[in-house]
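Novice: Those sequence lines, one after another, are chains A and B.
If you want my numbering, it's the position in the first sequence, counting the first as 1, plus 13.
For the second sequence, position 291 matches number 290 in my numbering, and the numbering has no gaps at all.
Just so you know, these hints were derived from the structure itself, not from any lab.
Hints may be right or wrong, so weigh each one.
Where chain A lies over chain B, by a calculated footprint (3+ residues, C-beta under 8 Å) [as the list claims (entries may be wrong)]:
#1 128–141
#2 191–203
With a straight-line Cα cutoff of 25 Å, these simulated SDA-like cross-link-like pairs (lysine to any residue) come out [said to hold, decoys possible]:
#3 A:K31 with B:K8
#4 B:K58 with B:W69
#5 A:K31 with B:D180
#6 B:K8 with A:E50
#7 A:K31 with B:T236
#8 B:K208 with B:E193
#9 B:K8 with A:G98
#10 B:K208 with B:R185
#11 B:K86 with A:E50
#12 A:K31 with A:E50
#13 A:K31 with B:K86
All C-beta atoms, glycine included, are put in the ideal place defined by N, C-alpha and C.
Letter by letter, the chains look like this.
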Amino acid sequence: MAVVRLRAPLSELAGGTKELRLEGATVVDVLRALEREHPDMEGWILDERGRIREHINVFVNREYGREDTSVGDDDRLHVLPAISGG
Amino acid sequence: MTELLVGTKKGLFVLRGEPGDEFEVAARSFAGEPVEYAIRDPRSGRYLASVTSAFYGPKVWVTDDPAGEWQETEGLTLPEGQEQALKRIWTIAPSEAEGQLFAGGDPAVLFESGDGGLTWSLNESFWNQPTRSEWSPGAGGLCLHSVATWPGDPQRLALGISAVGVWLSDDGGQSWRHGNDGLVPRYIPEEAREETLALCVHNLHRARKQPERLFMQFHGGVYRSDDAGETWTDIGTDGGLPSDFGFPLVLDPDDPDSAYVIPLVADLDRVTPEGRVRVYETRDAGANWTARGDGLPGEDAYLTILRQAFDRDGAGTGMGLYFGATSGDVFGSGDAGGTWFTAATRLPPVNSVRVA
Chain A
14 MAVVRLRAPL SELAGGTKEL RLEGATVVDV LRALEREHPD MEGWILDERG
64 RIREHINVFV NREYGREDTS VGDDDRLHVL PAISGG
Chain B
0 MTELLVGTKK GLFVLRGEPG DEFEVAARSF AGEPVEYAIR DPRSGRYLAS
50 VTSAFYGPKV WVTDDPAGEW QETEGLTLPE GQEQALKRIW TIAPSEAEGQ
100 LFAGGDPAVL FESGDGGLTW SLNESFWNQP TRSEWSPGAG GLCLHSVATW
150 PGDPQRLALG ISAVGVWLSD DGGQSWRHGN DGLVPRYIPE EAREETLALC
200 VHNLHRARKQ PERLFMQFHG GVYRSDDAGE TWTDIGTDGG LPSDFGFPLV
250 LDPDDPDSAY VIPLVADLDR VTPEGRVRVY ETRDAGANWT ARGDGLPGED
300 AYLTILRQAF DRDGAGTGMG LYFGATSGDV FGSGDAGGTW FTAATRLPPV
350 NSVRVA
């Protein structure tokens, strides 16, 4: 299972949890699993098309990830607000 | 008499007045157009304004009389056949070489003029940086907003770019290298920070009397370099700033230990902290910061002050300081921040303020 790391305000939607372990073969699979586990998160990272919102960055370990980026066991997903937002 | 060039979302306003009094609108140019930046080149007396028409794109205009006719300059274009087009000119900076000016813009582009700004040419060396395809923008775009010249030496330059960090040249811009050691991009996972190019510099200025010293406002962090931009030291964490996020930066040219910043809450809340408008001053190179807010709005004031909307006039204890907010207010100080007055209200959202 991949490790997903969240910062506020997303971590607050996950009940204060800053790190979770979730199943999924791709970034979007893991993010969907995150939504299933924490339904309040729905619509915050993925938009209604299932795409990562424009001003959210998802890193898989050290690299920028896209929806279809493969995720393996023990990979770390960091979900962060992008500097292009705000 | 002090003259301010205030670039706004709806035109350039020329304000004139005496410190302490409300300034009058002496002229308005480019009505309805976003004016990003305007300066008066002190060497020639010529005014230059960067205007981004929603219809006709970015252009730089010049005049000898800001209330009169403006002339469009030539050469501010990217090479043909590119996927990218020029989006905006963020800054115009006189060089240390006679008649030379620099213009920095989006997408991370540097232009040079050898005739006082009438014609421009692309700095090819910077345009052709091999990592360019990996560069990413900040919220304002991929903007080259700071050109720090070296007093008396036109060969030595430092550029600040959101979000591609600091670039240094020792040969007048023929070659470039990074100057990013010590910068900590907290918006990147720790494990990815070392190799990232996404370094979001918000503002960069050089101390005139100690030119190896530079100050920087970063996207979360205030920094100082004492080796001409090669390495950077955090001066924003422990010295008394309410936040180390912000955009504007001004130095007193007589005091290399001085810097002024206007903090905002954070990247997710870009307003003045606690509903109070305060400028923060250091006179010991960033070890301590002191709030300067006497005369500024002290409650229920949630202003946003943009990158280029803060400037100075003169130096020392009588230095003038002026800044504008997206609220349309312009504030000034005639005593280096000791006391403040309101120079103008109800202007369109302010993009830039420069003392003419």
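Novice: Of all the hints given earlier, name the ones this structure violates by number, lowest first.
Specialist: The structure conflicts with hints 3, 5, 6, 8, 10, 11 and 13, although it agrees with all the remaining ones.
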